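**Q** Those protein sequences? They're chains A and B, same order as listed. In terms of the working numbering, the first sequence is residues 272 to 811. In terms of the working numbering, the second sequence is residues 7 to 302.
Accuracy of the hints is not assured; some may be wrong.
[As the list claims (entries may be wrong)] Pairwise CB distance ranges, derived in the manner of DEER restraints:
1) Gly118(B) - Asp396(A): 41 to 47 angstroms
2) Asn145(B) - Ser690(A): 32 to 38 angstroms
3) Asp787(A) - Ile38(B): 48 to 54 angstroms
4) Asp793(A) - Phe132(B): 41 to 47 angstroms
5) Ile38(B) - Gly493(A): 28 to 34 angstroms
6) Gly338(A) - Phe132(B): 55 to 61 angstroms
7) Leu69(B) - Asn602(A): 16 to 22 angstroms
8) Asp396(A) - Pro99(B): 41 to 47 angstroms
9) Ser781(A) - Ser233(B): 53 to 59 angstroms
10) Ile38(B) - Gly621(A): 50 to 56 angstroms
11) Asp787(A) - Ser233(B): 55 to 61 angstroms
12) Ile38(B) - Ser387(A): 57 to 63 angstroms
13) Tyr391(A) - Trp35(B): 26 to 32 angstroms
Derived from the structure by calculation, the hints contain no laboratory data. Note that the structure is a prediction, hence the values are computed from the model and not measured. Quick reminder that beta carbons are idealized off the backbone N, C-alpha and C, glycines included.
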Amino acid sequence: MKKAGRILALSLDVAILCGIFAGCKTQVDTPKQQQSGPSSSEKPYQDKITFTISAVDSEKAGVNADGTPAANFQWLKNKFNIEYEYWPLTWSNYVDQTRVWLNAGSAPDIMMLDVSASRYNEYLDWVKAGLFRPYDLDSHENLSATLKTMPTAEKYKVDGKLYVWPSVSDLAQYDFYQPSGYLYRKDWAKAVGAYKEGDVYTWDEWWKLVEAVIKQNPGKNGAGKTIGVLTGSDWAFPKYVTGLISPYMVTFQKKSDGKWVWGPTLPESADAVAKAKELYDKGLIWANQPMAKADDAKNNMAAGTLFASTITNVGVSSWLADYAQPFEKANTGIKAEDAIGFAMVKAPDGKFVSWQGTDHWSETAMNKKISEKQAARWQDILDFLISKDGQNFVNYGIPGTDWEYQDGKVVDKWKTDASGVKVSPVPNASTWEWRRPAFTNDGFQMLNPANPAYMRTVVADAYKRVGDKSQTTQIPMDPDFSYYTSPTYASATTGLEKAVYNEIASLMTSKDIQADWKAWVDQKAKEIQPAIDDLNNNVK
Amino acid sequence: MTNSTAAPQHGKRNVHFGDAVILALLLLWGLIILYPFYNCILVSIVPQRVYIRQPFMLYPPVLDFSSYQFIFAWKQLFYGFRTTLIVLFAGVPYNLFLTITMAYVLSKPIPGRKAVNFFVMFTMFFQGGLIPGFLLIKNIGLMDSYLSMILPYGVGIMNMMIMRSYFRTIPLELEEAARLDGAGEYSILFRIYLPLSKPMLATITLYYSVDRWNEWYNGMLYMRTVSKWPLQLFLRNLLASTTSVVNQIPDSVRPIVFAQGIQMAAVVVTVVPIAILYPFLQKYFVKGLTLGGMKG
C-alpha cells in the first residue's frame, strides 16, 4: 500500500511536470507600442505624485498581454506626472475589502467602490463619518457638464456635495435604454423558410419560427435534441417572455395616480405567466430552463444544439467572445457571421420593450486624508479622461501615434493582423488606471475598429430602436425608487424578485396556472404590503 | 477420513451474503464519492463541444489540454504556488511547535491549568473581530508581509486538545524513569513523548497542511502585492470571474477556452499537491484519529 501510494504520487508529479512544459508555449506577439510622452500639457505638473489606488485586476495594470509595459499607461502617467501604487481587490470580495479598510481607517488614496442601491445606506454612513473628500466640480468643467447628463448623480450628493465620481456610461445618446433580444441561428431560420431580413420579428412570427426549427430540426440534432430558447442567466427567465407582456413583472410600478403597486398583482402579469407556460408546454422553451446554469446558453450554442439564447443587453464583446468565437472553434468551416444573428422581438402590442439601465457602473472616491495637491491632480485626470480627447485616448490609444483627427473625425492608425482584422493597441484590462474612473466605454463597442463591422452595425441599430419611443415601450429607471431603502422596505423585499422568478419557474408544471398564480400572489402581497405602504409614504 | 477440526486454508474465509451486500454498497458509495472528482478531471481535458453534449463521462472521447495550457501559462499561478509553499513550509512547523509545547504543558498538573484551559477554549467561540485583527496586523507592521499569513494562525485549538489528550495517555513511568536519569522537560518532550506520538503528529501535520494550503482570507486582507497572493486567492478570483481573466488578453490572441474547463483544471491543480501528501501520512492518519479521541 505504501509502495502503491508512492507510485501514485510520483505519477502525479510527472503529470504536473508535463502540464507545466505544455503550458510553456510562446504567445502570439502583440503589436509593440512606441513609447511616447505627452505632446504638450496646458497644466505642467512639476511634482510627481504617487496615488495608492484600489482596483480589481490590478496585476494587469499598465502592461500588455505579453507583459511588456503599456505605452498608453506610461503616456498618461507622464502627462500628469503620477505614479500608482495598487491595493489589489478581488472580484468576489472587493466590497468586504473596501469595507474593512474604511472601517479600520486604513483606506487607499483613491478607492474603487460599488455603491449600488443595496449599499447606498452604507455609502451615506461613510460620508457622514467623514471618510471621503468631496469632488470640486466647479473648477472642472468636463466633470461638471457630464454630471448633468446623469439621472442618478443627485443621489450621490450629500448636502450638495458629491463624494464619489460615478463612472458614467457613454450611452447617454440612447438615454441608457438597453436592447434585448436573442442571439439565434439565422441559418436555421433560413432553412425553415421563416427568416426575416433585418432580424426583427413580431411576437407571433418569432414563436412560430422557434416551433418550426424544433419540428424541422435543421441542425440535425436528433429528435427532441434541439433546444428552442434558453437563457443562461437565472434572473432572465422568464423575463424575456413575461417582461414583454408585463414590464413591471418583478418590481413595483408607480401608477398615474402616483400610487405604487406590486407588479405581480397587475392583470397583465397573470397573462404573462400563462403565456410563458403555454410556450413551455409547447416545448419552445428548454425543459430544464428553471435549472439552467450561467454557461448553458453559450455552451449549447457552440455545440450546435441551441436555436436561440436570450440576451438582455446585447454587447459586441460578449457576442464575440461568448458566442461567435467558441462557435467557430467548435464548428470548423462555418462562419459565425453567417450562422448567428441578433434578433429583436416585439411584444404582442407591436412595440419593443426596453428597460432603462443605470447610467454608470462603479464609483471612485477620494480618501479624506489626501492632500489638496493630490485631490486636484486626481480630478484633473478624471476631467481629462471624460473630455473628448480623453475618451479618444481611452478608446483608441495615444494621440498622434494610435489615432488622429482628420476633418474633425477620429481616424485610427491601428495595425492589422494576418487575417486583416485591426488590432487595438489598448490593453484590455479592467483596472482603474485610466478607463473606469471616468467612464465606462460601453458605447465604444459600436465604434471599435477591432470589432467585426457587422456586429457593430447590428448593435448600433438595436440601440437606436430602443432609444426611439415610437418603436419602443420604454421603462424608465426611477432613481428615487432604485435608491430607496428603509428597514421596513428591506425586510419585506429582500429576495422578492428572485422569489417571483422562482415561483413562475415552478408554475411551469402547474395544472391550473391562473389559480395557482393568483393564490401565490394574494398570499405574497399580504406579506409585502408594509413595503408598498412605505413606498407610498416616502417615494413620491 | 477428513479431519473436521482442521483449520481453514490460509487466505480463505467464508463470505456471507450479508458481507457481499455490504461490500457492494460500500463500493457503490465509494464510486459515488470518487466520481465527481473523476469527472472533474475529465471535464478539464476535453473540449467544450464534448462537455456540452456529454457533461458526465466515463472516459474522454477526445483529449484537449488547452485548459491546462491556459492555467499554466497564467503566471499568477506560479506566484500563488510560491506564496502558498512559503506559508506551508514556514507555517506548519510554527503551528506544530506551538501546538506541541502547549499540549505538553497543559497535559501536566500545573497550577492554573484550569484557568489557562478556559481561556484557550474561549477563543474557540469568541474572537477579537475582523477590524481589531486588521488593526493589529497593520500596527505591528506586517501588512504585505508573508508573516501576516503565517503568524496569526498559531494554534488550532482542536488539534491542541487532541494532542493534549494523547500526551495524557503516555505512561508516567516513562517520564519518571527519564527524570531519574536526569532528563529535563525538553528532553522528555522531544526524546520520549514525540517519538511515541508519531501517529498524532502525522495527523495534525496533515490538518495544518490542509489549512495552510487552503489559506486565502488573510492573503486577501493583508497582501497589497498581487504576486504575494496565495494560490487559493488566485484561484478564487479566477473562479469568480473566468471571463475577466480570459479578457485580459486582447481578442486577437485570446485562447478560446471554455469556463468550466478552466475551472476544473484549476481545481485539479489545487487539489493534486495535497492529494500527493496524503499517501505518505495515510498509515498514521486513521490511527491518529482514534488515538486522539481516547479519554486523557
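**Q** Now tell me if each hint is right for this structure.
**A** Structure-based check of all given hints:
{"no.": "1", "hint": "Gly118(B) - Asp396(A): 41 to 47 angstroms", "verdict": "44 angstroms, holds"}
{"no.": "2", "hint": "Asn145(B) - Ser690(A): 32 to 38 angstroms", "verdict": "57 angstroms, violated"}
{"no.": "3", "hint": "Asp787(A) - Ile38(B): 48 to 54 angstroms", "verdict": "36 angstroms, violated"}
{"no.": "4", "hint": "Asp793(A) - Phe132(B): 41 to 47 angstroms", "verdict": "46 angstroms, holds"}
{"no.": "5", "hint": "Ile38(B) - Gly493(A): 28 to 34 angstroms", "verdict": "30 angstroms, holds"}
{"no.": "6", "hint": "Gly338(A) - Phe132(B): 55 to 61 angstroms", "verdict": "47 angstroms, violated"}
{"no.": "7", "hint": "Leu69(B) - Asn602(A): 16 to 22 angstroms", "verdict": "19 angstroms, holds"}
{"no.": "8", "hint": "Asp396(A) - Pro99(B): 41 to 47 angstroms", "verdict": "44 angstroms, holds"}
{"no.": "9", "hint": "Ser781(A) - Ser233(B): 53 to 59 angstroms", "verdict": "55 angstroms, holds"}
{"no.": "10", "hint": "Ile38(B) - Gly621(A): 50 to 56 angstroms", "verdict": "54 angstroms, holds"}
{"no.": "11", "hint": "Asp787(A) - Ser233(B): 55 to 61 angstroms", "verdict": "56 angstroms, holds"}
{"no.": "12", "hint": "Ile38(B) - Ser387(A): 57 to 63 angstroms", "verdict": "41 angstroms, violated"}
{"no.": "13", "hint": "Tyr391(A) - Trp35(B): 26 to 32 angstroms", "verdict": "50 angstroms, violated"}
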